[in-house]
Amino acid sequence: MTNNQKGKLLSNKFIQNFVDNESKVSLTTNYKFAEIASSLAYYLKSFSNIDKFLDYICLIFKHIFNEKIILIIPINYDGEIWQENIKISAHNDFLKIKEEINTFFNKFNFSKNFKIKEILLFENSLKSNFKEFTIETEKISSRGKCRGFIYIFSRGKFSQSISKNSNFNFIQNCLAVGLENYCLIKTKKKHENVDREISTGAEIQSQLLPDYCPIIHGVDLAAHCRPALQLGGDYYDFMSLKTNISQKRKEKSRWALVIGDVMGKGIPAGLLMTMLRGMLRAEVLTGLPPDRILHDLNQLAINDLNQSHRFVTLFYSDYDPRTRKLRFANAAHNPPLLWRSSEQKIIKLDAEGFVLGLQKDAEYSCCEVKLNENDLVLYYTDGVIDASNSLGERFDEERLMKTVTKLCKQSYTSQEILNKIFKKLDDFTGQNRHLEDDASMVIFQLK
1 MTNNQKGKLL
11 SNKFIQNFVD
21 NESKVSLTTN
31 YKFAEIASSL
41 AYYLKSFSNI
51 DKFLDYICLI
61 FKHIFNEKII
71 LIIPINYDGE
81 IWQENIKISA
91 HNDFLKIKEE
101 INTFFNKFNF
111 SKNFKIKEIL
121 LFENSLKSNF
131 KEFTIETEKI
141 SSRGKCRGFI
151 YIFSRGKFSQ
161 SISKNSNFNF
171 IQNCLAVGLE
181 NYCLIKTKKK
191 HENVDREIST
201 GAEIQSQLLP
211 DYCPIIHGVD
221 LAAHCRPALQ
231 LGGDYYDFMS
241 LKTNISQKRK
251 EKSRWALVIG
261 DVMGKGIPAG
271 LLMTMLRGML
281 RAEVLTGLPP
291 DRILHDLNQL
301 AINDLNQSHR
311 FVTLFYSDYD
321 PRTRKLRFAN
331 AAHNPPLLWR
341 SSEQKIIKLD
351 AEGFVLGLQK
361 DAEYSCCEVK
371 LNENDLVLYY
381 TDGVIDASNS
391 LGERFDEERL
401 MKTVTKLCKQ
411 SYTSQEILNK
421 IFKKLDDFTG
431 QNRHLEDDAS
441 MVIFQLK
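First residue of the sequence shown? That's 1 in my numbering, and the numbers climb one at a time after it.
Treat the hints as calculated values from the structure; they're not laboratory data.
Just so you know, not all the hints are guaranteed correct.
What follows is a set of in silico ranges between Cβ atoms, one per label pair, in the way DEER data are often shown [stated by the list, open to error]:
(1) Asn109 to Ser163: 27 to 33 Å
(2) Ser388 to Asn109: 38 to 44 Å
(3) Asn389 to Glu251: 40 to 46 Å
(4) Gln415 to Leu391: 28 to 34 Å
(5) Gly392 to Lys117: 45 to 51 Å
Computed cross-link-like contacts, SDA-like style, restricted to lysine to any residue with a CA-CA straight-line distance of at most 25 Å [stated by the list, open to error]:
(6) Lys325 to His309
(7) Lys447 to Phe422
(8) Lys117 to Lys96
(9) Lys145 to Thr103
(10) Lys87 to Ile73
(11) Lys325 to Lys424
(12) Lys252 to Leu271
(13) Lys409 to Asp396
(14) Lys139 to Ala37
(15) Lys423 to Thr403
(16) Lys115 to Thr103
(17) Lys127 to Val177
(18) Lys406 to Ser365
(19) Lys424 to Val369
(20) Lys139 to His191
(21) Lys345 to Glu363
(22) Lys96 to Lys115
(23) Lys242 to Phe422
Every residue, glycine too, gets a C-beta built ideally from N, C-alpha and C.
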């Protein structure tokens, strides 16, 4: 059969001719059924209108089994009775009964949360109301999932069943495939919409992270976040504690540097990170020392974090370019690594403190360190050291410290060091192996 012939069989005009000229069109021969089977298979490959598809199925049922009344009750992609697409196939001799079935069905309201027991109640009620018919029930199944039900009305108690008829079984299977395909199309579109929303969310979130490092007097900065999924729970930021002064004066004023990690990843972690960012930025403007900032931030965020059953680790620091002093407080985050150039060794910058969102009256301690020329501080999240290779080995803190030590002994810029650490991480995990958690790093190096 050519595509033009198939197209004609699927056209509205062809279907209308079927209805208007029943006596002229005979589908009782094998040849005619082969024509219909071919057109139905073609239809399954390209249809997008479920209503037309079900009408076409009913039309085929009507002309092959003209002594029967066939009721099709499909189940939609949400697992509910698809009331607007219920169809009845009946010869013109049964039009009165067809109307009675429609009236009966309109009185039977299926609930939104459809359960199989409802269909059993419906079947019992159907048989009670139409006792003059023998009613057979056939389930429409595809890939082990119920996609609807077919009810076959026959005159007389000893009417021959059509459920064993090969033509009926073929059409029934085509119907199941058609309903399954339509549900898959709708599910795919729903996923595409969700993917678009996630992509938009990821784009917005990426804009919340600094897209460039600020100019701080005497400091070379570099930073990057690599989320494991489109949306991540890692957070870093740079904030001037003075907002109403010129850019030139800001370079020599006090700056806040922060890095944090929301437990988990993906959309929930990303939303909490965004919430925390807004709270923290408001707190920073108070100019309070780091321990007070974390204390107040914990008080503000604890209710929201409790409800989400998540917590946040956060390292907060502020730096004064005039004195080269770095003050810091830690809410159980990975301690940043300080490379002491004069001593050629690494020191961990740590301070006592609980994670945010775990304890309402949590207290935090404040520490201070003076930085010297060529000193470097690496802020990072646990996605860096928890990255694993194909053997299950972790990158771990010791490997990170060795990498930083080697790089700091050479004359690299902060950006070069950052790039080389990520390159080392990629070489360790292996090609095409995604990180299991978000990985973020900030390099703070004194010139």
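Hints versus structure:
For the pair asparagine 109 and serine 163, the beta carbons lie near 28 Å from each other, so the given range of 27 to 33 Å is met. In this structure the supplied range 38 to 44 Å is violated for serine 388 paired with asparagine 109, their Cβ-Cβ distance being about 55 Å. About 42 Å separates the C-beta atoms of asparagine 389 and glutamate 251, a value consistent with the hinted range of 40 to 46 Å. For the hinted restraint 28 to 34 Å between glutamine 415 and leucine 391, the CB-CB distance of approximately 31 Å keeps it satisfied.
Look at glycine 392 against lysine 117: about 49 Å separates their beta carbons, and that is inside 45 to 51 Å. A hinted pair counts as satisfied when its Cα atoms are at most 25 Å apart, and lysine 325 with histidine 309 does not qualify at roughly 36 Å. As the CA atoms of lysine 447 and phenylalanine 422 are separated by approximately 22 Å, the hinted pair is consistent with the 25 Å bound. Between the alpha carbons of lysine 117 and lysine 96 the distance comes to roughly 29 Å, so the proposed pair goes past 25 Å and is violated.
Of the supplied pair hints, the one linking lysine 145 and threonine 103 is violated, its CA atoms being roughly 29 Å apart against a limit of 25 Å. Note on lysine 87 and isoleucine 73: the hinted pairing holds, with a Cα-Cα distance of about 7 Å set against a maximum of 25 Å. About 31 Å separates the Cα atoms of lysine 325 and lysine 424, which puts this hinted pair outside 25 Å; it is violated. At most 25 Å may separate the alpha-carbon atoms for a hinted pair to count; lysine 252 and leucine 271 exceed this at roughly 33 Å.
Between lysine 409 and aspartate 396 the CA atoms are separated by roughly 21 Å; this keeps the pair inside 25 Å, and the hint holds. Of the pairs offered as hints, the one joining lysine 139 and alanine 37 holds, with about 21 Å between alpha carbons and a cut-off of 25 Å not exceeded. This hinted pair checks out: lysine 423 and threonine 403 have alpha carbons roughly 11 Å apart, not beyond 25 Å. This hinted pair checks out: lysine 115 and threonine 103 have alpha carbons roughly 22 Å apart, not beyond 25 Å.
With a C-alpha separation of about 28 Å, the suggested pair lysine 127 and valine 177 falls outside the 25 Å cut-off, and the hint is violated. With a C-alpha separation of about 32 Å, the suggested pairing of lysine 406 with serine 365 is violated against the 25 Å cut-off. With a CA separation close to 29 Å, the supplied pair lysine 424 and valine 369 exceeds the 25 Å bound. Only pairs whose Cα atoms come within 25 Å are accepted, and lysine 139 paired with histidine 191 is rejected, the gap being roughly 28 Å.
Of the supplied pair hints, the one linking lysine 345 and glutamate 363 is violated, its CA atoms being roughly 30 Å apart against a limit of 25 Å. In summary, the hint linking lysine 96 to lysine 115 is not supported, as the alpha carbons are separated by about 31 Å, beyond the 25 Å threshold. A distance of roughly 33 Å separates the Cα atoms of lysine 242 and phenylalanine 422; the hinted pair therefore is violated under the 25 Å criterion.
The earlier numbered hints that this structure contradicts are 2, 6, 8, 9, 11, 12, 17, 18, 19, 20, 21, 22 and 23.
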